[in-house]
Each structure stands twice: as structure tokens, then as C-alpha cells.
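Please work from the sequences and hints to get the whole structure.
2 protein chains.
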Amino acid sequence: MAFDIEDYLSVKKALVDRELEALLADGSKSPARLLESMRYSVLAGGKRLRPILALAAGEAVGADPEKVMPAACAIEMIHTYSLIHDDLPSMDDDALRRGVPTNHRVFGESTAILAGDALLTDAFGMLVAEGIRRGVSERVICEIVSDIAESAGSRGMIEGQAIDLALTGTKGVTLPEVERMHALKTGAMIRVSVTSGARIGGADEYQIQKLASYADAAGLAFQITDDILDIEGEGNLGKERGNDERRGKSTYPGLAGIDESKRIASELTRKAVGMLEGFDHRAGALRQIALYLGSRNH
Amino acid sequence: MAFDIEDYLSVKKALVDRELEALLADGSKSPARLLESMRYSVLAGGKRLRPILALAAGEAVGADPEKVMPAACAIEMIHTYSLIHDDLPSMDDDALRRGVPTNHRVFGESTAILAGDALLTDAFGMLVAEGIRRGVSERVICEIVSDIAESAGSRGMIEGQAIDLALTGTKGVTLPEVERMHALKTGAMIRVSVTSGARIGGADEYQIQKLASYADAAGLAFQITDDILDIEGEGNLGKERGNDERRGKSTYPGLAGIDESKRIASELTRKAVGMLEGFDHRAGALRQIALYLGSRNH
Numbered sequence: 000m001a002f003d004i005e006d007y008l009s010v011k012k013a014l015v016d017r018e019l020e021a022l023l024a025d026g027s028k029s030p031a032r033l034l035e036s037m038r039y040s041v042l043a044g045g046k047r048l049r050p051i052l053a054l055a056a057g058e059a060v061g062a063d064p065e066k067v068m069p070a071a072c073a074i075e076m077i078h079t080y081s082l083i084h085d086d087l088p089s090m091d092d093d094a095l096r097r098g099v100p101t102n103h104r105v106f107g108e109s110t111a112i113l114a115g116d117a118l119l120t121d122a123f124g125m126l127v128a129e130g131i132r133r134g135v136s137e138r139v140i141c142e143i144v145s146d147i148a149e150s151a152g153s154r155g156m157i158e159g160q161a162i163d164l165a166l167t168g169t170k171g172v173t174l175p176e177v178e179r180m181h182a183l184k185t186g187a188m189i190r191v192s193v194t195s196g197a198r199i200g201g202a203d204e205y206q207i208q209k210l211a212s213y214a215d216a217a218g219l220a221f222q223i224t225d226d227i228l229d230i231e232g233e234g235n236l237g238k239e240r241g242n243d244e245r246r247g248k249s250t251y252p253g254l255a256g257i258d259e260s261k262r263i264a265s266e267l268t269r270k271a272v273g274m275l276e277g278f279d280h281r282a283g284a285l286r287q288i289a290l291y292l293g294s295r296n297h
Numbered sequence: 000m001a002f003d004i005e006d007y008l009s010v011k012k013a014l015v016d017r018e019l020e021a022l023l024a025d026g027s028k029s030p031a032r033l034l035e036s037m038r039y040s041v042l043a044g045g046k047r048l049r050p051i052l053a054l055a056a057g058e059a060v061g062a063d064p065e066k067v068m069p070a071a072c073a074i075e076m077i078h079t080y081s082l083i084h085d086d087l088p089s090m091d092d093d094a095l096r097r098g099v100p101t102n103h104r105v106f107g108e109s110t111a112i113l114a115g116d117a118l119l120t121d122a123f124g125m126l127v128a129e130g131i132r133r134g135v136s137e138r139v140i141c142e143i144v145s146d147i148a149e150s151a152g153s154r155g156m157i158e159g160q161a162i163d164l165a166l167t168g169t170k171g172v173t174l175p176e177v178e179r180m181h182a183l184k185t186g187a188m189i190r191v192s193v194t195s196g197a198r199i200g201g202a203d204e205y206q207i208q209k210l211a212s213y214a215d216a217a218g219l220a221f222q223i224t225d226d227i228l229d230i231e232g233e234g235n236l237g238k239e240r241g242n243d244e245r246r247g248k249s250t251y252p253g254l255a256g257i258d259e260s261k262r263i264a265s266e267l268t269r270k271a272v273g274m275l276e277g278f279d280h281r282a283g284a285l286r287q288i289a290l291y292l293g294s295r296n297h
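Keeping their order, the protein sequence lines are chains A and B.
In case it helps, numbering that gives the first Met the number 0 puts the first sequence at residues 0 to 297.
In case it helps, numbering that gives the first Met the number 0 puts the second sequence at residues 0 to 297.
Some clues are possibly wrong.
Stretches of chain B that chain A covers, calculated by requiring three or more beta carbons in the stretch to come under 8 Å of a beta carbon on chain A [stated by the list, open to error]:
| hint | stretch |
| --- | --- |
| 1 | 33-42 |
| 2 | 82-94 |
| 3 | 102-112 |
| 4 | 160-173 |
The following label-pair restraints were derived from C-beta to C-beta distances [what the hints assert, rightly or not]:
| hint | chain 1 | residue 1 | chain 2 | residue 2 | range |
| --- | --- | --- | --- | --- | --- |
| 5 | A | Ala24 | B | Asp92 | 28 to 38 Å |
| 6 | A | Glu231 | B | Glu35 | 38 to 48 Å |
| 7 | A | Glu176 | B | Asp279 | 53 to 63 Å |
| 8 | B | Arg138 | A | Leu14 | 53 to 63 Å |
| 9 | A | Glu259 | B | Leu95 | 44 to 54 Å |
| 10 | B | Glu259 | A | Val99 | 42 to 52 Å |
| 11 | A | Gly247 | B | Leu95 | 29 to 39 Å |
| 12 | B | Thr169 | A | Leu42 | 25 to 35 Å |
In short, the hints are calculated from the structure, not lab data.
Cβ coordinates follow ideal geometry from the N, Cα and C atoms, glycine included.
Have a look at this one:
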């Protein structure tokens with residue numbers, strides 16, 4: 000039976016959605032508005048790419064998906080907090096995200112800031128408490144908390160966002176600068192999604208290195224394709240087309256041209272798939288995800 | 000030789016300051032402006048009450064202070080992030096903090112938000128990496144990460160800040176509402192400072208319970224004294240007097256009167272000290288800190 004990537008993604012997405020819904024269930028202790036604001040953004044949809052990558056990487060080394068889920072969901076909560084804060088008036092000042100009004104447009108700026116702060120904080124607590132409850136070892140939990148904090152912190156995702164703000168509207172930005180910005184802003188969290196799932200599955204350091212390289216290549220291919228879709232896309236992105244250019248964001252296709260960008264994305268996809276050579280058939284989903292990310296049209 | 004609390008506090012503060020300075024040293028990898036903004040607020044001073052409480056609680060059960068320090072500094076970093084975000088224009092819109100311009104007034108709003116996010120994220124990563132390096136067990140580190148996230152998250156400090164924003168300017172706020180807001184907004188992090196230090200020292204659950212009650216009583220006494228100083232204080236607070244009233248903040252002395260508030264603060268101090276009865280002379284610093292917090296005049 001042929002592997003159907005769209006089917007795989009939608010099955011895993013449903014599992015992740017169900018977990019996130021349960022994790023953010025109303026315990027009716029939090030102030031209603033704060034929890035509502037957190038739920039609004041987390042449950043607004045999204046592809047769940049990061050948690051699915053964590054699950055697929057776990058699968059590649061035989062992890063129990065139940066044990067991977069807390070890390071997968073923690074990473075998605077951290078990703079969501081970053082979107083809420085990036086959309087704020089003092090940052091990108093976005094009105095729409097995933098086809099619906101951004102968090103601060105619905106709940107106001109102060110609640111949006113607090114909802115982001117809370118998702119980031121709760122993600123670490125949940126990862127530890129739920130990980131231990133499901134039998135992940137304390138050693139692996141410590142490794143993952145440390146990796147995620149590094150990837151999300153002042154030398155990872157937040158550094159990427161700071162660079163993005165600094166480059167926006169700047170003339171003469173170079174391709175290496177854009178690449179470094181992407182590697183930090185999106186790449187670091189995509190890599191830690193993959194390595195976290197693998198660590199929970201007991202991967203050795205050689206496997207972790209290969210999977211990290213897989214994630215770096217697939218993550219950049221994903222970002223380049225995203226930028227191309229912003230120019231060529233058929234709507235359906237939940238945001239307007241041509242956003243990047245209007246805002247003075249330097250992009251891959253803007254600097255290298257669309258054809259060259261497509262060529263680089265294909266090459267990165269091939270590289271990502273090549274990193275999986277030493278793995279057995281259980282890495283099939285990771286392989287298909289890389290091919291999908293480098294060639295998707297929505 | 001008599002125990003000199005002012006001397007104790009200043010010696011410990013210097014140790015904490017030195018650690019924070021080293022932890023936030025310029026590795027010249029972070030974007031200069033982001034790191035500068037983080038350093039500005041963390042190194043702007045402050046009493047370092049939370050890290051000192053962690054050290055003193057560790058002392059009470061014989062902890063190695065070197066092992067307590069990462070948790071102590073992580074809590075101070077999280078405290079600092081909360082001050083940066085609380086001061087933002089959409090929150091309390093403060094111009095001064097600890098006698099100097101607030102972070103967003105110096106670095107702009109987007110950098111202030113990112114500096115807060117980065118301090119929160121880096122705190123968790125540093126706590127784990129540095130804790131392990133200094134020989135704290137992975138089990139204790141997991142307990143502390145979980146406790147701190149719970150105390151700082153959507154059911155702790157952030158819930159307290161959300162309640163504070165909701166109560167500000169509201170008429171007919173009751174004393175129990177103000178007390179609950181304080182318990183969440185400041186109390187939870189003060190409690191986790193004490194329990195983290197104690198856990199690292201190997202305290203048993205009975206000792207943790209007693210120390211948590213100590214922290215709850217001493218923390219509220221501290222907050223009430225703070226509110227009284229806002230009315231009666233002699234300047235030197237690093238902010239203007241009468242701030243709370245001008246902003247429509249309900250306070251303990253505002254609702255219960257100054258004399259009754261002083262009486263309650265004394266009673267809480269007695270209660271805090273009483274919780275230390277089963278501990279030996281090594282709890283002397285905790286005892287003196289409680290007495291100091293309940294009666295300080297600056």
C-alpha cells in the first residue's frame with residue numbers, strides 16, 4: 000500500500016489537536032479571559048508541522064508516540080506564543096493569522112502579551128510533568144528542556160525575530176543574512192522538534208546529528224517554499240499574498256529569483272532525504288514529509 | 000557575634016549580582032541590542048529578594064550554595080522579565096523602575112517584549128544546564144522546573160498580573176480579592192524561591208510544607224509593607240510615592256487602613272517565624288529576613 004502523506008499529516012494533526020485541546024481544557028481556575036485567549040491561538044489550527052516532525056522522528060527510531068506527545072505539544076505551544084508576540088502592534092502589527100483575526104485584535108494587547116508569556120511558561124511545566132507521568136526519563140527530559148530553551152531563547156528563535164525586525168525595511172540585505180535569520184527564527188525550533196522526538200526514542204548521538212541535518216535542510220526548504228507561495232500562491236494561506244514585499248521583508252525569491260529559489264529548495268530536499276540513508280523503513284514518514292515540504296503548493 | 004541582617008543581605012546580593020553578570024556576559028553571539036536590553040534590566044539592581052530567599056532556604060537545610068545559585072538566578076531572571084512586561088505601555092505604562100527609565104523607554108517596545116521573552120526562556124535553559132553542571136540531580140531539576148513553571152505560569156504569576164489588570168480602576172474591590180491577587184502575582188514566586196533552595200538541599204516534604212507556609216506569610220507581609228511604603232515612604236523606592244492610588248490600584252492599606260495593615264503585617268511576620276520552629280540554627284537567616292521584610296522602612 001502506497002504511503003499517503005496527506006493522509007499521514009491529517010491523522011497526526013488530529014492526534015495533536017486532541018492533545019492540545021485536553022492540555023488547555025478549562026480547569027476553571029485560570030481567569031477566563033486569559034485561558035480563552037491562549038486557547039484561541041493554540042486551537043486556531045495551523046499545520047502542526049513541528050509536533051508532527053517530533054512524532055515522525057520518534058517513529059524513525061521506534062519511540063512510543065504517547066511519550067513524544069508532551070514534547071511535541073510543548074513545542075507547538077512555544078511556536079504559538081511566538082506567533083502571538085510577532086503579530087503585536089510593536090512587532091509586525093498583523094491583523095490576520097491563519098485566516099482569523101490575530102490574538103491582540105480580539106483580546107487586546109495586554110492579554111495577548113500575557114497569553115504568549117503563559118503559553119511559553121506552561122509549555123516547560125507541562126513538558127516536565129506530563130513527560131514524567133508518561134515514563135520519559137528525567138535525564139531525557141532535562142536534555143529536551145535544555146535543547147528547547149536554547150532553540151527558543153536569546154540565541155535561537157528570539158535572536159531570529161530580533162534580526163528579522165532589524166532587517167525589515169533595510170536595503171541591501173544579503174542572502175546569507177536572510178538564511179541566518181531563517182535558521183534562527185524558524186530553523187532552530189524545527190530542528191529541536193526532530194531531535195526531541197528522536198531523543199525520547201533513545202536515538203544515539205550519531206542518529207541525532209543526522210536528524211538535525213535533515214531538519215536544517217528540510218526546514219530551510221520549507222521556508223523558501225513559504226516565501227515562494229507568498230508571491231505565487233493561490234490564496235488559501237490564511238493571509239494575503241505579497242505580504243512580505245509590502246512590508247519590506249527580504250526573502251529568498253526576492254534576492255535569488257523564483258527559479259533559483261525553487262532549484263535551491265529541491266536541492267535542500269534531496270539533502271534532507273539523503274540524511275535518512277542510515278535509517279530503516281520507519282523513517283519513511285520523515286522522508287515523505289521532506290518531499291512534501293519542498294514541493295507543496297499550499 | 001550578633002547576626003547583622005543588612006550585612007547578610009548585602010553580601011548575598013553581591014554574590015547574586017556577580018553570578019547574574021557572568022550568566023549574561025556578552026558571548027557576542029546574541030544580537031547586541033537584545034542582550035544589552037536583557038542586561039540593562041537584570042543588572043539594574045533590585046534587592047535580589049527571591050534569590051536571597053532561595054540561598055537562605057538552602058542554608059536552612061544545609062545545601063551547597065553553589066548548587067542553589069542556578070535556580071536562584073533563574074528565578075531572578077523570570078522576576079525581571081515580569082517587571083519588563085508589566086511596565087509596557089499596554090500594561091502599567093511605567094516610565095521608571097528602580098530609579099531608572101523602564102526597558103521599553105530605553106530600547107523600544109518590541110525589544111523590551113523580546114528581552115522579557117528571552118529572559119524567561121533562557122532562565123529555564125540555564126537552570127537545567129548549569130544545575131546539572133554543578134551536580135544537582137536530574138530528579139530535583141525536574142521538580143524545580145515544574146514548580147517554577149507552575150508558579151510563573153497561567154495559574155501563578157501571570158494569572159496574578161491578569162487579575163491585577165482587571166481590578167485596576169475597578170470600584171468595590173474586596174480585601175480577599177487583593178490578597179488573592181498578591182498571592183498569585185508575587186506570592187507564588189516567593190514561595191518557589193524558598194522551596195527550590197530547600198529541595199536542592201534535600202529537604203523532606205514536611206520541611207518543604209513548613210517553608211512554603213513561611214514564604215506565604217513572609218511574602219504577604221512584604222507586599223503589605225510595600226503598599227504602606229508607597230503611601231508613607233521617604234522616597235528612595237526608585238519610583239514615585241502614591242503611585243498605587245493615582246493608578247486606581249486597590250491596596251491593603253487603602254482597604255483596611257494603615258494601622259490595621261501594620262497589625263496584619265506583624266502578625267504575618269510572627270506566623271512566618273513560627274513556621275521555622277522545627278529547624279535548627281541554620282534557619283537563622285530565614286528568621287531574620289522575615290523580621291526584616293515585615294518591618295522595613297525602605
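Status of each hint after checking the structure:
1. 33-42: Answer holds; 3 residues pass the 8 Å Cβ test.
2. 82-94: holds (count 4)
3. 102-112: Answer holds; 5 residues pass the 8 Å Cβ test.
4. 160-173: Held - the stretch 160-173 of chain B has 5 residues with a Cβ nearer than 8 Å to chain A, which meets the minimum of three.
5. A:Ala24 to B:Asp92: 28 to 38 Å: Hint holds: Cβ distance 34 Å, inside 28 to 38 Å.
6. A:Glu231 to B:Glu35: 38 to 48 Å: Given range 38 to 48 Å: holds, Cβ gap about 40 Å.
7. A:Glu176 to B:Asp279: 53 to 63 Å: Given about 60 Å between the Cβ atoms, the range holds.
8. B:Arg138 to A:Leu14: 53 to 63 Å: Given about 30 Å between the Cβ atoms, the range is violated.
9. A:Glu259 to B:Leu95: 44 to 54 Å: Given range 44 to 54 Å: holds, Cβ gap about 52 Å.
10. B:Glu259 to A:Val99: 42 to 52 Å: At roughly 49 Å between Cβ atoms, A:Val99 and B:Glu259 fall inside 42 to 52 Å, so the hint holds.
11. A:Gly247 to B:Leu95: 29 to 39 Å: holds (34 Å)
12. B:Thr169 to A:Leu42: 25 to 35 Å: Cβ of B:Thr169 to Cβ of A:Leu42: about 30 Å, so the range 25 to 35 Å holds.
Checked against the numbered hints given earlier, the structure breaks only hint 8 and satisfies all the rest.
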